[in-house]
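S.K.: Taking the hints as your guide, dock the two standalone chains into a single complex.
Chains as they are written, first to last, in this note's numbering: chain X, 27 to 318; chain A, 6 to 583.
Everything labelled a hint here was simulated from the structure, so no lab data went into it. Do not rely on the hints blindly, as some may be mistaken.
Which stretches of chain X does chain A cover? Using the computed rule of at least three CB atoms under 8 Å from a CB of chain A, they are [as the list claims (entries may be wrong)]:
(1) 107 to 115
(2) 135 to 149
(3) 289 to 302
Simulated DEER-style distance windows between Cβ atoms [what the hints assert, rightly or not]:
(4) Ala276(A) <-> Val79(X): 33 to 43 Å
(5) Val79(X) <-> His35(A): 40 to 50 Å
(6) Thr187(X) <-> Gln554(A): 33 to 43 Å
(7) Ala276(A) <-> Arg206(X): 43 to 53 Å
(8) Leu113(X) <-> Thr183(A): 29 to 39 Å
(9) Ala276(A) <-> Gln147(X): 23 to 33 Å
(10) Gly209(X) <-> Ala468(A): 39 to 49 Å
(11) Leu113(X) <-> Arg466(A): 39 to 49 Å
(12) Leu362(A) <-> Gln200(X): 14 to 24 Å
(13) Val79(X) <-> Arg110(A): 43 to 53 Å
(14) Gln554(A) <-> Gly209(X): 35 to 45 Å
(15) Thr187(X) <-> Ala509(A): 41 to 51 Å
We treat Cβ as the ideally placed atom computed from N, Cα and C, and that holds for glycine.
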Amino acid sequence: MQDALIVLVHGAGIGAVFALIGMSFNVVFNSSGILNFAQGNMLVLGGLFAFLVLPSSPGIGPWFVFLPASALLMAALLAVQGYLTLLPLRSSVEQHSWLITTLAASVIIGAVLLIFQGTAQQTVRSPFPSFWFLGTRVPAPYALSLLLALVWFGLLRWFHTRALTGLAISAIAQDLDAARAAGIRVHRLQILAFAISGLIVGSAGFVAAPVIAIANDSGVSYVLHGFVAAVIGGLGSDLGALVGGLLVGMISMYAAYTYGGEFQDAVSLALLVAVLMGRPEGLFGRPAARRV
Amino acid sequence: MARWQLVLGILGVAISIVLPALLGSAYWAHNFLVVNLFVTVAVMQNMLLADAGQVSFGQGALFGLAATTTGIVTGLWGYGYGAGFVAGIAAALVLGLLFALPALRVQGYYLGFVTLSAAVVFPQLLVAFDSLTNGINGITVSLPGLTQAGRAGLSWTSLLVMATTIAALLGHAALRGTGTGRRMRVASVSPEAAMTLGIAPGRLRFLAFTLAALGTGIAGALYVPVLGFVSPYAFRVDLSIFFFFSVIVGGSGELAGPVIGVWILYLVPNAILAQLSVYRLLAYGMVALLIMLAFPDGVVGSVVKALRRRQMRAQIAPIDLAAVLQDENAQARNTAAPTAAAAITVQGARKRFDRLLALSDVDLTVAAGRVHGLVGPNGSGKTTLLNVISGLIRLDGGEVRLHGAVSSRLPAHRLAALGLGRTFQTPRVFEDMSIWQNLEIGADLRGTRNHWLLHALQRFRPAWTGNRPDLLAHAQRRVLETLRMVATDADILLLDEPAAGLSAEERRDFATLIRFLRDRLGKTILLVEHDLHLVWRVADRISVLDAGQIVAEGAPAEIADNPRVRALFTGAADAAGR
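So that you can see chain A by itself, here it is in the shape it has in the complex (with noise of 0.2 Å):
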């Protein structure tokens, strides 16, 4: 499926340089260098908005950066072009972690404000600063040995340019390819899920922002011997506005998106308005609200999406539950054999959200190979509760501890790798991923695919390899989601109602898996649920939290009589079979 998005685009690349150089077009050579320089940055930040979700409004700032600090050693220093270009990159580096740091603490529109303020800005300090910019003169530099065009037509500058933007498109499919990459879209989707994935989503971010700073930095160095002249009015918000839409308009995520992207928005309005400059901006804004509201996918995300919808029709392979627990080789699987010793324990946990007391002196033991059911009414707790224990949440007093040791103070993503799991309320599938790439993500914690859990479901691989999680129904993506739990070798599963919205036979099923789960495999659950019919079949031992507080724990048997759990649900005594 992306092979051909990359193929399209580096053919759509090196033709468009090598054919003007070709013909001996002198002016649209030079127009598609700058297309290229331009097509390098917008897959840059393709990569930055769809593979890490991160919203930047500012990488022209960095492309400006890495042109004038590279048309400042070479042109008013004196250094060579090499010393320059080393230079511009490392100054567009720096420039991508000052944009990360925002990153950590924020997200969405508030990163967007600040990156589109930081490229408002950058010109006017270029500006402020002429003593060493040269202000609005701008800088010239020439460089004949590189611009100079050789064999061909071609000039060192233009096979510069065309292996770099290469080199980026192949950089961003092998980024794809990796296990880093695959996280980076898990912790973009979803930073919860990924954290309790063991993956944690600041130290991706920051990566991505120095690779984006990275590819960037050498467009925005190159352009120099490209253009020859550097001034600030090069470097605009505008421009940062223009590598934002390129990636919108030729499908956000694409890999040929940014190619056809640059080309719709540069070439359009340079090659038909070219007479009349002042008409260019009207033309990239309303090309990228059209395409907005008419193809809210992009130009190749609309193709693309179209092929696929024709494809998955007709191959869509259910996940068979019973098939799967039937495996031998998932059931030769008892890691751990249950002790007396406790998984879980929590004491005085305390946590406060502005007035409301949601946990206040919560104890609770969970006893290690067991299941124990979590009830109680709505906004009792018990979300909260889980959260504090997956570390998602802090608390505010009290402690919480892991086979012994303290764990309240540790991130989600250290408690994952420790071998602590979690599910959420509404199933956290990765949708742009195949399903067996989701039951991947889990074995990707462990560092290893060669997962047993994997092998052992190996013979559904053809099966859920070609398909998308989007088209399962909901049981079984909770399902999935599980599985997916399950290849991370957690030993602790914390399960946040896995029975909302399941039909009462996939409710029987999944009490099916919640035993296999700790039979066969020997894992400690906590399983919060409304359904009490479900839990009181499969607990060993039930809580019940009420407005923050522990009313009530003991076997299910004991506990339905418990008047104060009447009062609770009336339907308690009725679960346990009396």
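Excised from the complex, chain X in its bound form (with noise of 0.2 Å):
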């Protein structure tokens, strides 16, 4: 029973990074269809600069201060990101050049990270306490993650149906002629979107820095799981990407506590073919009219 909680609330815990990522996954999805490959090493950049600008055992009020440090740093080097990804779009009909260069962009910062430190794993200490919860100990970043993928559903969700830049995002993700023709700028709204996923993972690798591997070879494990996380609730839907990540960081922590660390990806892997072949538009995905 106690080993099935822990399981439950460090599962929750780490999903919820996941669900940060599929969100970020979405923002970028809905208005360009495109995946950012490079999303698993961008939450890592995010855990790096809270390992470079918090020292050993930091304070709460630089904590509050870099959070959204961290956030405008990554929204600022996505949007750089998002315009080079963008750049051979616009001109080639080769539509598919996004795969690679997504894919570069993450492989050049996992090279980068190599070249500066190594193989090593870095560490970060979280200024707050970890607290008592139905009777077992929870680091404290693994409740801010949740708390803070709460807080980004809630915006994002605000940000869609309210805001006038939300709905134009919104109008270029179902009918992207008709938004162009509109007088939407599509291009604009494309890279603002790449940024907005900027804030979403620079912030979460910020907050969960202390519960996850900042190292050179990380990014692509976590850009698996938020893809996982993502498909499981329907590729393009925040509420999926919530209900799928937590979905997901409880089965894969279900795994390495039963079967062994080495296992936990296998499981994901699994549990991504068992969705794909079975519903593949997700739990919150709707079938669409195909078009011919």
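M.R.: Below, the structure is given as structure tokens:
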């Protein structure tokens, strides 16, 4: 019983990180149909920022100052990446260049991390003490990640349904040509969407820094888990990413707890294949009328 | 065009293996053996990506599985290398088929993520099952008989590697010349159009993954004598990404692309940055990114494109529809006399998309050898009905019969084989193939090059062979798509808004083509069209669809007076010439 609670609580915590990656996927995907393979390494960079700026026993004050800084920094970086990714798409008929450019961006970030810090994994300490919940000790970053995921879910929901810019992005998602004809500046909004996804992973990486692996080769694992979360929930649906993320977190934590950490990714892969074979549109996605 | 690339590729492979051996440079001889193994894998990836349209980021896992299996069987269990070789290839084939399974359901980035996950998980599992694989300690395999240098400094291993890589290049080129290779490319460009040409895309994807696994497996099994050591670290996700990038950097779809791509991505970091191995990853990430930004078609692809552009300007031979229609050979061909029997019968067809009821209880009968017009406002369900009849969409209720036999449970490619053809709103012509090859794709369905239409059009062949349809005007593409459908010998033709985007004169020509198909060739035609003038001019009968229901049906003259029709189209009476 105690074990189950640990798995559940820790799984929900790390699952919130997956959910955040999934939501950051959705923002870009909805505006441009692009899935950013570099999103996992971007999360790691957010964590690295925390490692670089926070002292070994950080206070709460600096933490609150650097949290928005991390988000903004990653937003700027992703805007640049988004600009580069969209560049070949504007002129070429080859519409799959983003598969390569985003993967290349991911490889480059991993390579830079390798050059500057080798294969070492950095550790960050949280300024918040862990607390007891239902008889288990919960590290604060898990709870904060969950809180952050809920906050971003609410913000995105408001943004997509109330804010004018968000509505314009929703319009792009539904019909690109119609949106363009209506005078929406598609290119600019797509870069904005990249920047927003940067805000999400930048803040997520910073908040979850003490509980994620900040290393040169851990980004791929995060991007995969984020993708599994988004697919289980239904690509494009933030509610789906939230639910999917928590689900993936708990299931992979259970796998790690029962079979050992080396099987964590394998179980997520099995989960992904199972969902794609059974219900490719995900839990909250809708099968679309096919255009022929 | 493709031949010089093949020669270039084969020369590159042969020289890169023979020259270092002759010069006695062990370092370069070894490096180029690895390079050529990687070229083999990249050639397979190129075929998978460009010919079959399958995004796999996991080919490194196939390579690693073959190598590890060979290592286990030979190095740990003590069997001969032959047994290990076979076991390695078998293992790669099994994993290749596992990759193909999700490809039946999902495509594009979904498949990319699944295979990428497999590439991430694979080395983890090698470590996890260390009792079988020796884990991080790896397996040392000594095969002196294979690796000792013989005549001219070449070992058996280097000869095997050379033969394998050259065979991969030749195999890829040969596949393109076959009907199977052509169908593979068609299925990759447009699965829907492929199905209506009688091609089953899923089967071709399976074939492509199997072929790729075979080639990759052989390369993986040869990796063991080349390196003499296998460990999980060699087969991390980076390796899979390396193979994919090599194809892109060289030029996706170009025969020599993988050779150039692997050389650039492997040799540049290893030769220049040999001492600084940490920079290797950065180098190939940067090279891939820059190539994609500067030359989206890759190195070889950009050269080919520039050459082609210069050549093509000179020779654009349009399709002369009038000449085609007047051709006696084509005229002599009237396959079937019109009968009273119905060619298409739709009964109680129902289809719902989420909250939208696209078809509600549609009944439709199309007489054989007639032109039946289907009109109605946008969103009334016309295209859905065509998709249902051609088998691209499953009905929720009701049924479709072709010549009396229930067809609504059959997949699109089976219906095409039974004689159902269709065109699409935007013409689906295959731009990587010549105009003539586009026609041959149609005739492929009947398994013969000896098709009467190809015979009839033989005198156009020279002009249409060097010519690619990406330079054709819209109306010409439309005609080409229609002729391709005729080449399938379909007797029931479904045309989806064929007049859209055509000028007044082109529309008149197209009307002539429709009548020709009916009167001379005896085809049954279901025509979905917004141009009411055209419909009223050529159709024998007209059905009006509105909000998923047939609201009127009859001969053109009677239906023009129907008040419900008038309400829908103010121009209908005018179109009937009153």
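S.K.: Each of the hints needs a verdict: does it hold here or not?
M.R.: Hint-by-hint comparison with the structure:
Under a criterion of three residues with beta carbons nearer than 8 Å to beta carbons of chain A, the stated coverage of the segment 107 to 115 of chain X is upheld, 3 such residues being counted. For the segment 135 to 149 of chain X, the stated coverage by chain A holds: 6 residues have a C-beta nearer than 8 Å to a C-beta of that chain, and at least 3 were required. With 8 residues having a beta carbon nearer than 8 Å to a beta carbon of chain A, the segment 289 to 302 of chain X meets the requirement of three or more and the stated coverage holds. The hinted range of 33 to 43 Å is satisfied by Ala276(A) and Val79(X), whose Cβ atoms lie roughly 39 Å apart.
Between Val79(X) and His35(A) the C-beta distance comes to about 46 Å, which sits within the given range of 40 to 50 Å. The supplied range of 33 to 43 Å is met by Thr187(X) and Gln554(A), whose beta-carbon atoms lie about 34 Å from each other. Distance hint for Ala276(A) and Arg206(X): a CB-CB separation of about 47 Å, consistent with the stated range 43 to 53 Å. In this structure the supplied range 29 to 39 Å holds for Leu113(X) paired with Thr183(A), their Cβ-Cβ distance being about 38 Å.
Taking the beta carbon of each, Ala276(A) and Gln147(X) are about 31 Å apart, inside 23 to 33 Å as hinted. Checked against the hint of 39 to 49 Å, the pair Gly209(X) and Ala468(A) passes, with Cβ atoms roughly 45 Å apart. At roughly 42 Å, the beta carbons of Leu113(X) and Arg466(A) sit within the given window of 39 to 49 Å. The given range of 14 to 24 Å is respected by Leu362(A) and Gln200(X), whose C-beta atoms sit roughly 20 Å from each other.
Distance hint for Val79(X) and Arg110(A): a CB-CB separation of about 45 Å, consistent with the stated range 43 to 53 Å. Taking 35 to 45 Å as the suggested C-beta distance range, the pair Gln554(A) and Gly209(X) conforms, at roughly 37 Å. Distance hint check for Thr187(X) and Ala509(A): the Cβ-Cβ separation is about 46 Å, which falls inside the suggested range of 41 to 51 Å.
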